[in-house]
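Enquirer: Chain by chain, the residues:
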Amino acid sequence: MTLLSVDGLRKTFGGIVAVEDVSFDVDRKEIVGVIGPNGAGKSTTFRLLTGFHTPDAGRVEFAGEDVTDLSPDARARRGMIRTFQIAQELTGMPVMQNMLLAAQGHPGERALTSALGVGGTDAFEAEQRDRAEELLKLLELWELRDEYAGNLSGGQRKLLELGRSLMADPDLLLLDEPMAGVNPDLTDRLLERILDLRDQRDMTFLFVEHDIDAVMRISDTVVGMHNGAVLSMGSPAEVQSDDRMLEAYLGGEI
Amino acid sequence: MALLDLLLVVGIIAGVYSLLAIGMNIHWGDTGLLNFAHAAFFAVGAYTSAILTTPVLETGLLAERVVGFDLPVVAGIAAGTVLAAGLGFVIATTSVRLEGDYLAMVTLSSAELVRLVIHNEAWLTTGAQTLKNIPRPLESTVTTLPVSYDLFYFLLVWGLVAVTYLLFERMSSGPFGRVLHAIRENDDVALALGKDVSRFKLKSFAIGAGVAGLAGSLWAHYVYAISPVMFLPSLTFLIWTAVILGGAGSYAGAILGAVVIVVLRQVTRFIPGSVPFADQLPYIRLMFVGVVLVVVLYYRPEGLLGNAQRLQAGTSEGE
Chain W
1 MTLLSVDGLR KTFGGIVAVE DVSFDVDRKE IVGVIGPNGA GKSTTFRLLT GFHTPDAGRV
61 EFAGEDVTDL SPDARARRGM IRTFQIAQEL TGMPVMQNML LAAQGHPGER ALTSALGVGG
121 TDAFEAEQRD RAEELLKLLE LWELRDEYAG NLSGGQRKLL ELGRSLMADP DLLLLDEPMA
181 GVNPDLTDRL LERILDLRDQ RDMTFLFVEH DIDAVMRISD TVVGMHNGAV LSMGSPAEVQ
241 SDDRMLEAYL GGEI
Chain G
1 MALLDLLLVV GIIAGVYSLL AIGMNIHWGD TGLLNFAHAA FFAVGAYTSA ILTTPVLETG
61 LLAERVVGFD LPVVAGIAAG TVLAAGLGFV IATTSVRLEG DYLAMVTLSS AELVRLVIHN
121 EAWLTTGAQT LKNIPRPLES TVTTLPVSYD LFYFLLVWGL VAVTYLLFER MSSGPFGRVL
181 HAIRENDDVA LALGKDVSRF KLKSFAIGAG VAGLAGSLWA HYVYAISPVM FLPSLTFLIW
241 TAVILGGAGS YAGAILGAVV IVVLRQVTRF IPGSVPFADQ LPYIRLMFVG VVLVVVLYYR
301 PEGLLGNAQR LQAGTSEGE
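Chains as they are written, first to last, in the working numbering: chain W, 1 to 254; chain G, 1 to 319.
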């Protein structure tokens, strides 16, 4: 069943066509990796999917609803949660607060209920703390829960960002280069975790990644982009053996 | 005895300024919004309350005011608070999507606009002249009691400061404040996590403006008479100084900063004229406030009660 449907996306910046006629579908519980050399249009596509850019043409549908013109926060509330390429942890907030922020539908986020502590705020908060504890322990960040996120190492920030996006309990998790700057051992753990989440929580993943190895290992479908367009699409093996992709990466000098 | 009276007056002013600083702190300290319209919220609170609680009467030489409602003081204070919050909401609606400096410019000019409207719409506000005879709450009752009216008002103001402080402290440390802090740190992240950033900014703006309006109402009912010159942008800058001095993000700091500023300004009034430059005091006083700010920030960049750890972590680039 299709969860995310992308149809004919186009985006230009001045005279530069960043993305041209990009179409693909993502099924529920599918893991889709988007690859391509620098300037292929991956990041722009990612921003179009998450609402941080509006497309010049084309359509994005999520769970049967047209979300093309929705703001990033409105998409997030519908279950599309993104991460950032450079981890955007909130440096001036402790790790635990970063996690709790991501909880969706918090009754205490209204000013008055927050001030008076009514409307089930405390119960909800306690529930979310338990969830955060579980995730932080899994990501080996539990000991650092009261530390300001700005004091974490680069890899830890990456993990915190992943943990925070999981706190939002998304249906579709959009990961922008989750493996960049992460050591191989951690990469393995992240990949395992993604597979677990898919199997246990029926999560769907779309990720943009430079680490081809990682993409080939866990993706069900790979979307290969070049010069703003989809060049090759299919199983990892198919895309890997597609001569056009090889050419795109190596500049045709094989 | 005279000293005690003086302390009460300084204390009342400090309480009013503390409310202003609390309102500023939710804007800047919690949400990171550059609000330079605080004097306008203060003015709207003061004038709303004054107009609602006085009868129409000929005041001053060229009095033209034709509006007055003679309502109870409580109604005036409530309306002043609500209307200031409403003004905050309106200003924020038009400009909250603006980034930093631009928001500062729009708010500063909005505040001047409000002041000029007050200055010119004499039928409503008596214009440049003072709007006088603003009633003091429970004055006839308090005079029958063995306490001075200033003591009563001091307790009233500081009681409200205490309640406001508790509410804001809870709001700031709760889930609502968490979203505001996230917006302060990085609003793209807040968006990506499904928070309606503009709405939260609007709420923060309106709430802080409301408290400034409350301060304005309390001020009007204490000083009997108000005029537009009380609401110049310099008041806004003074409150900024208080918040930064006390430590942005800390409500206790905002109150402490306000008290320090008010004490500095009021105590220097009593330097005898024989001291050199004493006749230049009004100008020197502002310089003195500036020097204190510089000295405090040199030794404590986070302010008196600010959070140094947060400041340090917040500027970290990672790795």
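Rather than coming from a laboratory, the hints here were simulated on the basis of the structure.
Treat the hints with care, since some could be wrong.
[To be verified] Listed next, with one range per pair, are the computed distances between beta-carbon atoms: (1) GLY100(G) with GLY14(W): 19 to 27 angstroms; (2) GLU147(W) with SER148(G): 26 to 34 angstroms; (3) GLU169(G) with SER235(W): 51 to 59 angstroms; (4) GLN280(G) with THR54(W): 52 to 60 angstroms; (5) PHE277(G) with GLU143(W): 30 to 38 angstroms; (6) PHE13(W) with THR93(G): 50 to 58 angstroms.
[Unchecked claim] Sample of chain W residues lacking proximity to chain G, with all beta carbon distances greater than 10 angstroms (derived): (7) ARG28; (8) SER43; (9) THR50; (10) ASP73; (11) LEU100; (12) GLY108; (13) LEU116; (14) ARG244.
Source: prediction; values computed, not measured.
Don't be surprised by glycine CBs; every beta carbon is placed ideally from N, CA and C.
Enquirer: Does each hint fit the structure? Answer for all of them.
Expert: Status of each hint after checking the structure:
{"no.": "1", "hint": "GLY100(G) with GLY14(W): 19 to 27 angstroms", "verdict": "26 angstroms, holds"}
{"no.": "2", "hint": "GLU147(W) with SER148(G): 26 to 34 angstroms", "verdict": "52 angstroms, violated"}
{"no.": "3", "hint": "GLU169(G) with SER235(W): 51 to 59 angstroms", "verdict": "56 angstroms, holds"}
{"no.": "4", "hint": "GLN280(G) with THR54(W): 52 to 60 angstroms", "verdict": "58 angstroms, holds"}
{"no.": "5", "hint": "PHE277(G) with GLU143(W): 30 to 38 angstroms", "verdict": "59 angstroms, violated"}
{"no.": "6", "hint": "PHE13(W) with THR93(G): 50 to 58 angstroms", "verdict": "30 angstroms, violated"}
{"no.": "7", "hint": "ARG28", "verdict": "20 angstroms, holds"}
{"no.": "8", "hint": "SER43", "verdict": "14 angstroms, holds"}
{"no.": "9", "hint": "THR50", "verdict": "7 angstroms, violated"}
{"no.": "10", "hint": "ASP73", "verdict": "5 angstroms, violated"}
{"no.": "11", "hint": "LEU100", "verdict": "6 angstroms, violated"}
{"no.": "12", "hint": "GLY108", "verdict": "3 angstroms, violated"}
{"no.": "13", "hint": "LEU116", "verdict": "7 angstroms, violated"}
{"no.": "14", "hint": "ARG244", "verdict": "33 angstroms, holds"}
In the structure shown, a violation is registered for the earlier hints numbered 2, 5, 6, 9, 10, 11, 12, 13, in ascending order.
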